[in-house]
Amino acid sequence: MECLLTCGQLLAAHKMTYQQIIKNSALILLFVPFSGFVLPSFAEDSSGISTETAGGLQSIVNESASKEAQVWLQRIVDAPRKLNYTGIFVYSSDGHMETSRVVHMVNNEGEFERIEVLDGPPREVIRNNNEVKRYFPNRKTLVTEKRGLQKFFPALLPKPLSNLNNSYIVKKVGRERISDYECQVIVLEAKDRMRYSQKLWIDVATGLLLKAAVMERSQVVEQFVFTQLEIDSEIDKELLKPGYVTKSTEVNVTNPVISGTVRGELGWEIRNLPSGFSKVNEVRRIFSGKTTPVGHITLSDGLAAVSVFIRPVTKNDPLGPHESYPQQGAINIYARTVGKNVVTTIGEVPRVTVVQIGNSVKTYKVKWKK
Amino acid sequence: MKDKISALMDGELDSIDVADAISQIKESEELRNEWSTYHLIGDVLRQPAMSPPDITLNIRNEVDIDPIALTPDIPKEKNSQIFAFAVAASMVAAVAAVTWMSGQTMERPLTDGPSLQAVAPTVTTAPVLALKEEPKTDKLVLQDPASIRINDYMFAHGEFTAIRGVSPYMRTVARRP
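The listed protein sequences derive, respectively, from chains Y and C.
Okay, so the first sequence: first residue is 1 according to the numbering used here, each after it adds one.
Okay, so the second sequence: first residue is 1 according to the numbering used here, each after it adds one.
Just to be clear, a hint being listed does not mean it is correct.
Straight line, CA to CA, 16 Å or less: simulated EDC-like cross-link-like pairs of lysine to aspartate or glutamate [unchecked claim]: (1) Y:LYS67 / Y:GLU189; (2) Y:LYS171 / C:ASP17; (3) Y:LYS172 / C:GLU29; (4) Y:LYS171 / C:GLU27.
Counterexamples of contact, computed for chain C against chain Y with all Cβ distances above 12 Å [unchecked claim]: (5) SER15; (6) ASP17; (7) GLU29; (8) ILE148.
If you're looking for bench data, these hints aren't it; they were derived computationally from the structure.
Beta carbons: idealized from backbone N, C-alpha and C, even for Gly.
Construct the entire structure; sequences and hints are all you get.
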């Protein structure tokens, strides 16, 4: 409330010049840190304008550094497609830490990977190119999933890292040592509150990402780091086999893509997209154990992706008790009902962003084609 | 120099000073920060829509997201404690409580163990309704259908993440059995 009063006072003086502003800097120092908190929507608008006006100079200053940083980012994307490695990494978020072992192999048949969680209930992910198996030995469950898009609709995948400069200030920072490897540090600083910043540590020799922190201003939201790593080692294929004997009673195949569609065919659209985000694609999926297709619209700002899932409430798939989900590391989830549909928005973006996107999902043709 | 930056922004510098100021700004990160801050301040002050900020939408969103209704796994007394706290506290505290509780609720249904069944009689009818949703096998009934669904969604979404850390499945594995 204190802040609102301050706003009112400042409003009266809104025609101040910058020189006057400096004289009032004590007042402003009080005001600025609070504005983001109490007035989120308003702060978003202002930062949007701010990037536009400051953008001219900023882009000159950062252009060459940014181009070089982009090359480093591309190396991150390319490295796992070419390298063998084994290591231990620690993933942490919300004060929770988890250690996992990863084995990654590339040969002429493609990419193979096994991740084994070493803390808590045993879990494993085994990936053979587009097929991913998740093992939950305690539950005696195996879930098999096939990545459809990469194989059947490669053109539908977003071009990662495009238009980054609209939403981030990309900076090459310096060198740091991680797990005994010399790393280049790249910072992607969010230009507004609608996305997180990222700090990336990239192995200078191979381009492999050895540490990554997702940040909301100076706060680390989520982080992973290799604590032990061997690159380009000979991989024993035995290491890629599941560590548990599978007596699975449950085998699910999920995630087949029904059809790629062009704009409008799902009958849903998202108005009022946060700045920098644009639609990447729109598909219908059928998940395991379900019969009704779920609409899936994907948005991206070049780095962060947001998915919007739209499922009709049907007899076989009724409305859940109250579909609400807390933040998971960098991932925020927001569900709401629109008519007889549940719209679930998921993304590695701040909550304000999934909420704005989720609330902007509109239908103009509720009837679903089967 | 600060005066110069603000004069530059007000358009009060001559062309030589402008070039000089810009090159200095290019050189110094501190000055660049000043530059951004002044712009932010200016934009904030010039906002036409400053008059009473509408926080109803934000409150509504918080209420929408509030995960209080779905906590089949949490002991009853703990639950009501949190609820009472959230209601009584200011908006700030409520947000904090929701965030804190989130950690509690998600942790449980996602770890192993058939605890849902054991606690079932004490919870509201909502989870029972949810259980009917997945009548496939006993194994699956033990899992919260909402978290199964969200796992599916998370997985489908993972395909679109640009920079995938150690693996596109880093998050799939982490705390999402």
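So, going through the hints one by one against the coordinates:
1. Straight-line distance between C-alpha atoms of LYS67 (chain Y) and GLU189 (chain Y) comes to about 15 Å, which keeps the hinted pair within the 16 Å bound.
2. Of the pairs offered as hints, the one joining LYS171 (chain Y) and ASP17 (chain C) is violated, with about 28 Å between alpha carbons and a cut-off of 16 Å exceeded.
3. Using a Cα cut-off of 16 Å, the hinted pair LYS172 (chain Y) and GLU29 (chain C) holds, with the two alpha carbons roughly 13 Å apart.
4. For the hint linking LYS171 (chain Y) to GLU27 (chain C), the alpha-carbon distance of about 15 Å falls within 16 Å, and the restraint holds.
5. The beta carbon of SER15 (chain C) is kept farther than 12 Å from every beta carbon of chain Y, the shortest such distance being approximately 16 Å.
6. Residue-level check passed: ASP17 (chain C) sits 15 Å from the nearest beta carbon of chain Y, beyond 12 Å.
7. Listed as a non-interface residue, GLU29 (chain C) fails to keep its Cβ farther than 12 Å from every Cβ of chain Y; the least gap is roughly 9 Å.
8. Residue placement check: ILE148 (chain C) does not keep its beta carbon more than 12 Å from all beta carbons of chain Y (closest about 8 Å).
Comparing the model with each numbered hint stated earlier shows that hints 2, 7, 8 do not hold.
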